[in-house]
Amino acid sequence: SQQGEEDPQALSIQEGENATMNCSYKTSINNLQWYRQNSGRGLVHLILIRSNEREKHSGRLRVTLDTSKKSSSLLITASRAADTASYFCATDPIYNFNKFYFGSGTKLNVKP
Amino acid sequence: NAGVTQTPKFQVLKTGQSMTLQCAQDMNHNSMYWYRQDPGMGLRLIYYSASEGTTDKGEVPNGYNVSRLNKREFSLRLESAAPSQTSVYFCASNGGNPGETQYFGPGTRLLVL
Chain A
1 SQQGEEDPQA LSIQEGENAT MNCSYKTSIN NLQWYRQNSG RGLVHLILIR
51 SNEREKHSGR LRVTLDTSKK SSSLLITASR AADTASYFCA TDPIYNFNKF
101 YFGSGTKLNV KP
Chain B
1001 NAGVTQTPKF QVLKTGQSMT LQCAQDMNHN SMYWYRQDPG MGLRLIYYSA
1051 SEGTTDKGEV PNGYNVSRLN KREFSLRLES AAPSQTSVYF CASNGGNPGE
1101 TQYFGPGTRL LVL
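These protein sequences, in sequence, are chains A and B.
Each residue of the first sequence is one higher than the last, beginning at 1 in my numbering.
Each residue of the second sequence is one higher than the last, beginning at 1001 in my numbering.
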């Protein structure tokens, strides 16, 4: 399977703490995206990082990409209870234009 | 704009029954996608349509057929439902350019008894 793997599968933290989740994938990619899914809802796009980028920021989100290790991390700083959701990485493989492969997700619980 | 809409929201089928899941987008997107999400797992691509009139298989196409009716609509058909097809089905769309964000519908929960 080309799917990525996320680590950890579940993460529970207190409000105000930082949350870090990791994604590893198997093939060379054009880009990697992170999505968020609230329980029972569709996915919402958070941030995209291209294969020639190493780090990207958006508000409280920081994403890194290491193509040599085929891995990415998503850091959410100063977490809030509203950040409670599942987070998925999605890869866009070079050989398979615009077909996305999703990881298994990290379930984040932020306790107030 | 409604974005991506899916019908129905929830469906119960008996083994062997058929049904069609409908998806429509009003963002003038070229590409549309069907995914399934099983409990505790990520999304797996079933079928994909790069543009009107074209479709392509994803990771898990067996047991499904699709129709790209026009630019707006992309339907998924289960000809003979099986319990293994119990899942939540998501439709998504984007412009079709490399690295574009996908926009997701709210999902259809399907239970096959």
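The set of hints was computed from the structure by calculation and includes no laboratory data.
Certain hints may be false.
[Said to hold, decoys possible] Straight-line Cα separation of at most 30 Å, BS3-like style, residue types lysine-lysine; simulated pairs: (1) Lys1057/B x Lys99/A; (2) Lys1057/B x Lys26/A; (3) Lys69/A x Lys56/A; (4) Lys1009/B x Lys70/A; (5) Lys26/A x Lys70/A.
Values in this document were obtained by computation on a predicted structure and should not be read as measured data.
Review point. Which of the stated hints cannot be reconciled with the structure, identified by number in ascending sequence?
Key: 4
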